[in-house]
Amino acid sequence: MSNLSRRSLLFAAAGSALAACAGPGGDDEKSTSTEGFDGPVEGQLSFAHWRAEDKDVLEQIIASFVAKNPKVTVRQDISPSNDYQTTALQKIRGGAVGDAFTAFRGAQFTQIAGAGVFADLSGQADLLSKYDGKLIAAGNDKTKQLGLPYQLVFNMPVTNVDLLAKYGYTDLPKDWDGFLGLLDGLKAKGVTPIAWPGGDAANAGQLLNTMVMNNIPTDDALGKFETGEVKATDEWFVNTLKQYAQLRPYVQNGANGTSAEAAAQLFATQKAALLATGSFQAGAVRKLGAKFPLGLYAPITTTADKAKYEGVFNATFILGINAKSSKQGAALAWLKHLADPAVAALYANGTSQHVTVKDVEYTNEDLKSFAPWLTKKTLLAPRFQFNNLDVRSAIENATVQVVGGTDPAKAAEAAQRVIDQKK
Amino acid sequence: MKTGRRALLGFYSLIVIVPLLVVVGGSFKTTQQLFDSPFGLPTHPTLDNYDTVLRQQNLLRVLGNSITVVAVSVPVTLILASLTAYAAARLPGWWGRVVFGIFAAGLAVPAQAMMIPQYVQFDRLGLRNSLTGLMLINVVVTLPVAVFILTGFMRTLPQELYEAAELDGAGAWTTFRKIAVPLSFPSLAATSIFLVVMHWNDLLYPLLFIDDPAKRTLPLALLDFQGEYLTDYPLLFTGVVVASVPMVLAYAFLQRHFVAGITAGSVKG
Amino acid sequence: MKQKALLLFPVPALVLYGAFFVLPAVQGLQYSTTDWDGYSPSFQNVGLDNFRRVVTADDQFSNALGNNLKFLLTVVLGQTVLALFLAVLLAARSRGSTWLRGLFFLPTILSSVSVAFVWKFIYDPNFGLADQLLRPLGVTSSYLGDEQKAVFFVGFAQIWFHAGQMMIIYLAGINQIPAELYEAARTDGAGRWQQFRHITWPLVAPATALVVAYTTIQSFKAFDLILGLAGNPPRSALDILSTRIYTTFANNQLGYAAAESVVFMLAIALVTWLQNRATRLAHR
Numbered sequence: 001m002s003n004l005s006r007r008s009l010l011f012a013a014a015g016s017a018l019a020a021c022a023g024p025g026g027d028d029e030k031s032t033s034t035e036g037f038d039g040p041v042e043g044q045l046s047f048a049h050w051r052a053e054d055k056d057v058l059e060q061i062i063a064s065f066v067a068k069n070p071k072v073t074v075r076q077d078i079s080p081s082n083d084y085q086t087t088a089l090q091k092i093r094g095g096a097v098g099d100a101f102t103a104f105r106g107a108q109f110t111q112i113a114g115a116g117v118f119a120d121l122s123g124q125a126d127l128l129s130k131y132d133g134k135l136i137a138a139g140n141d142k143t144k145q146l147g148l149p150y151q152l153v154f155n156m157p158v159t160n161v162d163l164l165a166k167y168g169y170t171d172l173p174k175d176w177d178g179f180l181g182l183l184d185g186l187k188a189k190g191v192t193p194i195a196w197p198g199g200d201a202a203n204a205g206q207l208l209n210t211m212v213m214n215n216i217p218t219d220d221a222l223g224k225f226e227t228g229e230v231k232a233t234d235e236w237f238v239n240t241l242k243q244y245a246q247l248r249p250y251v252q253n254g255a256n257g258t259s260a261e262a263a264a265q266l267f268a269t270q271k272a273a274l275l276a277t278g279s280f281q282a283g284a285v286r287k288l289g290a291k292f293p294l295g296l297y298a299p300i301t302t303t304a305d306k307a308k309y310e311g312v313f314n315a316t317f318i319l320g321i322n323a324k325s326s327k328q329g330a331a332l333a334w335l336k337h338l339a340d341p342a343v344a345a346l347y348a349n350g351t352s353q354h355v356t357v358k359d360v361e362y363t364n365e366d367l368k369s370f371a372p373w374l375t376k377k378t379l380l381a382p383r384f385q386f387n388n389l390d391v392r393s394a395i396e397n398a399t400v401q402v403v404g405g406t407d408p409a410k411a412a413e414a415a416q417r418v419i420d421q422k423k
Numbered sequence: 001m002k003t004g005r006r007a008l009l010g011f012y013s014l015i016v017i018v019p020l021l022v023v024v025g026g027s028f029k030t031t032q033q034l035f036d037s038p039f040g041l042p043t044h045p046t047l048d049n050y051d052t053v054l055r056q057q058n059l060l061r062v063l064g065n066s067i068t069v070v071a072v073s074v075p076v077t078l079i080l081a082s083l084t085a086y087a088a089a090r091l092p093g094w095w096g097r098v099v100f101g102i103f104a105a106g107l108a109v110p111a112q113a114m115m116i117p118q119y120v121q122f123d124r125l126g127l128r129n130s131l132t133g134l135m136l137i138n139v140v141v142t143l144p145v146a147v148f149i150l151t152g153f154m155r156t157l158p159q160e161l162y163e164a165a166e167l168d169g170a171g172a173w174t175t176f177r178k179i180a181v182p183l184s185f186p187s188l189a190a191t192s193i194f195l196v197v198m199h200w201n202d203l204l205y206p207l208l209f210i211d212d213p214a215k216r217t218l219p220l221a222l223l224d225f226q227g228e229y230l231t232d233y234p235l236l237f238t239g240v241v242v243a244s245v246p247m248v249l250a251y252a253f254l255q256r257h258f259v260a261g262i263t264a265g266s267v268k269g
Numbered sequence: 001m002k003q004k005a006l007l008l009f010p011v012p013a014l015v016l017y018g019a020f021f022v023l024p025a026v027q028g029l030q031y032s033t034t035d036w037d038g039y040s041p042s043f044q045n046v047g048l049d050n051f052r053r054v055v056t057a058d059d060q061f062s063n064a065l066g067n068n069l070k071f072l073l074t075v076v077l078g079q080t081v082l083a084l085f086l087a088v089l090l091a092a093r094s095r096g097s098t099w100l101r102g103l104f105f106l107p108t109i110l111s112s113v114s115v116a117f118v119w120k121f122i123y124d125p126n127f128g129l130a131d132q133l134l135r136p137l138g139v140t141s142s143y144l145g146d147e148q149k150a151v152f153f154v155g156f157a158q159i160w161f162h163a164g165q166m167m168i169i170y171l172a173g174i175n176q177i178p179a180e181l182y183e184a185a186r187t188d189g190a191g192r193w194q195q196f197r198h199i200t201w202p203l204v205a206p207a208t209a210l211v212v213a214y215t216t217i218q219s220f221k222a223f224d225l226i227l228g229l230a231g232n233p234p235r236s237a238l239d240i241l242s243t244r245i246y247t248t249f250a251n252n253q254l255g256y257a258a259a260e261s262v263v264f265m266l267a268i269a270l271v272t273w274l275q276n277r278a279t280r281l282a283h284r
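Chains as they are written, first to last, in full-length UniProt numbering: chain C, 1 to 423; chain W, 1 to 269; chain L, 1 to 284.
There may be inaccurate statements among the hints.
[As the list claims (entries may be wrong)] Beyond 10 Å from chain C on every Cβ pair, some chain W residues (computed):
(1) Gly40
(2) Ile102
(3) Val248
[As the list claims (entries may be wrong)] Here are the simulated DSSO-like cross-link-like pairs (lysine-lysine), alpha carbons at most 30 Å apart as the crow flies:
(4) Lys215(W) - Lys55(C)
(5) Lys368(C) - Lys308(C)
(6) Lys271(C) - Lys149(L)
(7) Lys410(C) - Lys149(L)
[As the list claims (entries may be wrong)] Derived Cβ-Cβ restraints for the label pairs, each shown as a range:
(8) Pro182(W) - Gly191(L): 27 to 35 Å
(9) Leu161(W) - Trp273(L): 26 to 34 Å
(10) Arg61(W) - Ala184(L): 51 to 59 Å
(11) Lys134(C) - Thr52(W): 37 to 45 Å
(12) Gly116(C) - Leu134(L): 48 to 56 Å
(13) Ser13(W) - Gln60(C): 42 to 50 Å
(14) Ser62(L) - Pro75(W): 38 to 46 Å
(15) Arg93(L) - Arg61(W): 36 to 44 Å
(16) Thr140(L) - Gln270(C): 41 to 49 Å
Just so you know, the hints here were simulated from the structure itself, not pulled from any lab data. For every residue, glycine included, the Cβ atom is placed at its ideal position computed from N, Cα and C.
Make the full structure from the sequences, and use the hints.
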């Protein structure tokens, strides 16, 4: 190649690079099939999600799906949950992956819904009828059913039932003083009362759910920090922080620097009685070798008569179909397959998570022992009402700092300052 | 002095080795054993982690992809950057500084600011989800570093050498090839080591660009061991060992050329 | 100009760099005067409002800047001194130093994600190595959980990660020093320290400038390491500028993130310029 043509090639490359750059919102319209949900069940389907730990169970489920629909293959496109928030979303929006995909409840769902990526599932009566109607409300955007939350988890501390029973705690306290008494009693026996992964923001924040469930003035209060209707300096929140401060002696050594893995390890080896994260860690705790029965228990932050809720649940892993996908027929068939009670049972028992699908038989021991909570008075996890990450961080950061020794009132003020700046 | 030197080097060697041993040792332990005795030797060494890692991942494929990308992107970056650095070091007056400045400014740009426009750009050109695209982006984003380091070194080479060559009638190209490149061998070797490491370990762009599992690179494959709530340390450590072996081997094999190349020339006191 | 051909040398690099780096960067940064969320079809122009907020009314940003400067100072000082020290000790060619060079370089070849996991493990207050070594000496800490010191602990991990890389730059620098200079000095009866002080130190000035500038940029961009150690988004005690910008992006405030990026670039430019002056003075 002569020098000249080589050079012109480079400039041609530069020119096309220039042409390829996008303006704001300048998403090119990928061809969308006109057939929509009536499209054929064939081709390669991309299922985008963030649960690397579910990969094997989902492979089994895919195998049974493909056995029924031989013209289709399903590929799992897994990104870790951190990256799922940013990079995966970009790809799903562009239609590069995720003919069927999942979203977190809260900010992400709202955002994807706002960007118009969910195909409307409202008309799919036979699919929706497989789910417990109350539990899929989190996939509802005003009037449309855009997504179907699949997992049902309890974002409340997990207990070591044997260890508690050994020290005489079979009926767990129903008020704050009783709770502190329990922690004190455990500490006196040389047990770390609470293992709390304060060093890992995503897991540390789970405790906020139960700490506020009976303190919040209204059930949707956490979402109102962003609008200014609720302030971090409000009495109820400062009181919540003061209650966090009371937990200081009862969390493990160096709680603020403890990772989720180390906290789970303390709990699994019976060094700690409570693991302040949620039911979703049951499977991981078992993998760490825990043999004792697991229970759930939420601290009640008020007196017994004022407690509205006993615990917290969340409906997440919201399944949706990509409005940009040309394989919506196959994606719908995949969602229907997942909604089959037998398939849902395989998923639930294999991953130690309850599901929102009706008539599922739980055989997994932990799911069986958590099952009573399905009918107790529980609040839909308030932590996921935050739509602004900075506001959520400010609030959760205040709780971590307070456990680390910061004065509750000061932490509340600092958090509110940030929130005011972010509105 | 001699014993002092030995003691200091020995101490630092320990600081470097111990964390590495945790990784290697951990890859032969179960999670329980790892937490029970993180720094001890594995009492009941298990190969389960290796079995899982090698079975779960199409590792040969992944490894092949990483090697292909690096094998192209590193030499290309090195050639483009050394040409640029040479010009930056030798162009008279402001010219050299401008060339250097344009690239050096790139060092300050946070990747996050370019991420989305680059995604759209590569998508439209059909370069996303391809190894070619990865090679191209590797070259482009590391040009600033490479130009920066190489210019720094090429400026220190004595100008008289070039001028002598040019008096003999050598053109710019000949002077570059016959004088600048051989004399810059230490810095070229150092830069190529940096580039290999950066291209090999890059996670951001593979994460952004690659959808197809058959086109994944090693760092991307390692992410599979990061669960939503917990990371499986032994599996991750195993993945780290497996991912590092080719680099260690390459390093051991090439170090005669590279590290020796860096120390080519004279013996110091 | 005698060598017109020289002007063509940077052209291929400039073309690619211009097309795939400068262009997207300019595009990404042009939103700094808007409130674009990153996906909506429309946005408002807000003038310099974003910049005003970044500079004067964003505690999270100024907190990240403060952390970043602490981190930077720790790493630049610690890593540069260590790297030069190792390079001087290992400059001589011998079997032993070849091996040690290889060993010290080894951490660099690990990916930052894995380095983060290793150090998270070392710093664990209940199981970690740091605790096992220091507890007998009566030192306890929550390490990454310590509001004040956490950023220094991350700095130490960063030094462990990259000191070997900077050692390589110094080795390259030392080896471009003509051997005759040392021979002459030895003939004059100069000791090791004097040789270092009067030959090595002044002549590695370009390498020092490189190491310091490169370390600075690395410290501003130590993004994977922080996210790996602190989680995403990191707690305020471990938030640095790059993670802050990333969080702003993840928070769908693309316009504001672009403004933060511009301030970030100015900060790097300013710090690098100051350092350049300082390095020149130090090497006089």
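Hints versus structure:
1. Gly40: Given that every Cβ of chain C is farther than 10 Å from that of Gly40(W), nearest at about 16 Å, it holds.
2. Ile102: The claim holds: Ile102(W) sits with its nearest Cβ about 15 Å from chain C, beyond 10 Å.
3. Val248: Its Cβ never comes within 10 Å of chain C, the nearest being 26 Å, so this holds.
4. Lys215(W) - Lys55(C): Holds: Lys215(W) and Lys55(C) sit about 19 Å apart, inside 30 Å.
5. Lys368(C) - Lys308(C): With Cα atoms ~25 Å apart, Lys368(C) and Lys308(C) stay inside 30 Å; holds.
6. Lys271(C) - Lys149(L): Given pair Lys271(C), Lys149(L) holds - Cα atoms ~27 Å apart, limit 30 Å.
7. Lys410(C) - Lys149(L): Holds, at roughly 20 Å.
8. Pro182(W) - Gly191(L): 27 to 35 Å: Distance hint for Pro182(W), Gly191(L) holds at roughly 34 Å.
9. Leu161(W) - Trp273(L): 26 to 34 Å: 31 Å, holds
10. Arg61(W) - Ala184(L): 51 to 59 Å: 57 Å, holds
11. Lys134(C) - Thr52(W): 37 to 45 Å: Once the Cβ atoms are compared, 39 Å apart, the range 37 to 45 Å for Thr52(W) and Lys134(C) holds.
12. Gly116(C) - Leu134(L): 48 to 56 Å: 55 Å, holds
13. Ser13(W) - Gln60(C): 42 to 50 Å: Given a distance of about 48 Å, which is inside 42 to 50 Å, the answer is holds.
14. Ser62(L) - Pro75(W): 38 to 46 Å: 43 Å, holds
15. Arg93(L) - Arg61(W): 36 to 44 Å: For Arg93(L) and Arg61(W) the Cβ distance comes to about 40 Å; the hint holds.
16. Thr140(L) - Gln270(C): 41 to 49 Å: Violated, at about 23 Å.
Of the numbered hints listed earlier, the single one contradicted by the structure is hint 16.
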